[in-house]
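*Asks:* Protein chains in written order, with this note's numbering: chain F, 819 to 893; chain Y, 1282 to 1636.
Careful, some of the hints might be misleading.
[Stated by the list, open to error] Listed next, the stretches of chain Y that the computed footprint assigns to chain F, with coverage defined by at least 3 CB atoms under 8 Å from CB atoms of chain F:
no., region
1, 1549–1560
2, 1591–1599
3, 1607–1620
4, 1624–1633
[Stated by the list, open to error] In silico contact screen, one side only, chain F against chain Y (beta carbon under 10 Å); selected entries:
no., residue
5, Asp825
6, Phe826
7, Val827
8, Leu831
9, Met837
10, Asp845
11, Phe847
12, Leu853
13, Ala862
14, Arg883
15, Asn885
Hint data in this document are derived by calculation from the structure and do not stem from the laboratory. Note that the coordinates shown come from a computational prediction; the quantities given were computed from them, not determined experimentally. Positions of the beta carbon are idealized from the N, C-alpha and C atoms, including for glycine.
The chain contents come next:
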Amino acid sequence: MIRRILDFVYVLLFAWASMIFGVWLIDVFIVPIDLGNAFLTGFAKVTVSALLVLVWLWLWRDLVRTNFWRALRKK
Amino acid sequence: MWLKNLGLIGRFRRYQRNTNMYEAILPLAFSLGFLACFVSLPLIMKKMKSAGIVGPDVHKRNKPAVPEMGGIGILVGLAVSMVGVSLLLREEAWTFLCFLGVVLATGLIGALDDLKPLNPIVKPALTALTGLPILLVDAFVTDVYTPRPVLPFVGSTRLTIVYPLMIPLVTAVFANAVNMMDSFNGEMPATSSITVLVLLVSAVLLGERGNAVVMCTGLLGCLLAFYYFNRHPAKTFAGDVGSLSVGAAIGATAIMGRLEVVALVAFMPQIMNAFYGLATVGRLYERREVPRPTLLLEDGRLAVSDDTKAPITLARMVLARGPLYEGEIVRVLVILQTISAVLSLFTLYLVAVAP
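This is chain F alone, in the form it adopts within the complex:
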């Protein structure tokens, strides 16, 4: 039972820690971006933040897939 719970805890901790880290990254590196033009600056901030979220989701999905099929193969 503990192994089953730990499988989730790793993923949960990864998702939570990377989310908090992402917020910090956005605050420190993305929010201060200034390209001179207000529209370009806004566009750049949204694009970079969206890319960050997509990378996060992709990593999260792959981690789960790998864990699941590995556990199933072991069984």
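We have chain F; now place chain Y onto it with these hints.
*Replies:* Coordinates of chain Y only, in the frame set by chain F:
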């Protein structure tokens, strides 16, 4: 009127003046929700059975027919609780009635889906519309949300344009995520109760969120009463009318109580479940149109399906290490929800110390 005749309202107002307003309201919100749900559910179950609105409990060997749409009891409980609170807190009545409006609108969509399954694209689109009462009441009556979510490290943000656009998305995501995690006896009320409890604690600790405290208390009362009937072996199923409404209620509380980030973290198991399912199938889907993620064994235990087209749900992941009984799966999911709740309280700390 009869409350007035008995002098109960006046007596309660005098009591209120002498105590903290919310201290007086909370036991009332909880007990009204609990009692109304507890008393109405047997009647609803009887009605559903006589109308033939029953579904097989597919995780049992003998597949007993269980009355569906028991979630109507949650709606009854929440309606009685919120209307009762609104009568006593007239100045905050619009906030509670707006919250109730979101829940009832979602319940209506859930009921339609229970009676005639909706298209997997139409259902989320309709649930997005249930965020409208919040936008309308805020635009025309009184402020019910603040477009300044507080983020860890960042502090209070100003999202005056984006935030209103996000409200329908939030109610739709929360409603459908709870709906997708209502597969086993007792799973939905147990996991949702933990989320609501965390929101309640967070609202109390952050302060100035009295309305969210009242909403959480009322909802918690309904969920605990419903759990009594839905726990293993279930006497009723919530149906979409129940699970969608509970999700929308949690989403609305997060928005109206400025608890967005805390709710998101507390809600991670539901989000994980929905996200993995969507990522595996590759599109929005109705659970009846994809292969079942679990199989029922001869001894009554549930095993993982190795069909590559079946969605990777949380339950399927739990079963990847070997078969379990239904009650054991729910226990693992409740533990996972509790861990998520602890993480959300840690997030609450980060929100509280943010600049």
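*Asks:* Confirm or reject each hint.
*Replies:* The hints, checked one at a time:
Counting residues of the region 1549–1560 of chain Y whose CB lies closer than 8 Å to any CB of chain F gives 6, so the stated coverage by that chain holds, three being the minimum. Residues of the region 1591–1599 of chain Y lying with their CB closer than 8 Å to a CB of chain F number 5, which satisfies the three-residue condition for coverage. Counting residues of the region 1607–1620 of chain Y whose C-beta sits closer than 8 Å to any C-beta of chain F gives 5, which meets the bar of three, so the coverage hint holds. Counting residues of the region 1624–1633 of chain Y whose CB falls under 8 Å from any CB of chain F gives 3; the rule of at least 3 is met.
Nearest Cβ of chain Y to the Cβ of Asp825/F: about 7 Å, under the 10 Å cut. The hint holds. For the restraint placing Phe826/F at the interface with chain Y, the shortest Cβ-Cβ distance is roughly 5 Å, inside the 10 Å limit, so the hint holds. The criterion of a C-beta within 10 Å of any C-beta in chain Y is met by Val827/F, whose closest approach is roughly 6 Å, and the hint holds. Interface restraint check for Leu831/F: the shortest CB-CB distance to chain Y comes to about 8 Å, inside 10 Å, so the restraint holds.
With a least beta-carbon distance of about 8 Å to chain Y, the hint placing Met837/F at the interface is held under the 10 Å criterion. At about 5 Å, the closest approach between the beta carbon of Asp845/F and any beta carbon in chain Y falls short of 10 Å, and the interface hint on this residue holds. Taken as an interface hint, Phe847/F does not check out: its beta carbon lies about 12 Å from the nearest beta carbon of chain Y, beyond 10 Å. Checking Leu853/F against chain Y by beta carbon gives a least distance of about 20 Å; that is not within 10 Å, so the hint is violated.
Given hint, Ala862/F at the interface with chain Y, is violated; its Cβ is 16 Å from that chain's nearest Cβ, farther than 10 Å. Among the interface hints, the one on Arg883/F holds; its C-beta lies about 7 Å from the nearest C-beta in chain Y, closer than the 10 Å criterion. Restraint check, Asn885/F versus chain Y: the minimum CB separation of about 8 Å is within 10 Å; hint holds.
Comparing the model with each numbered hint stated earlier shows that hints 11, 12 and 13 do not hold.
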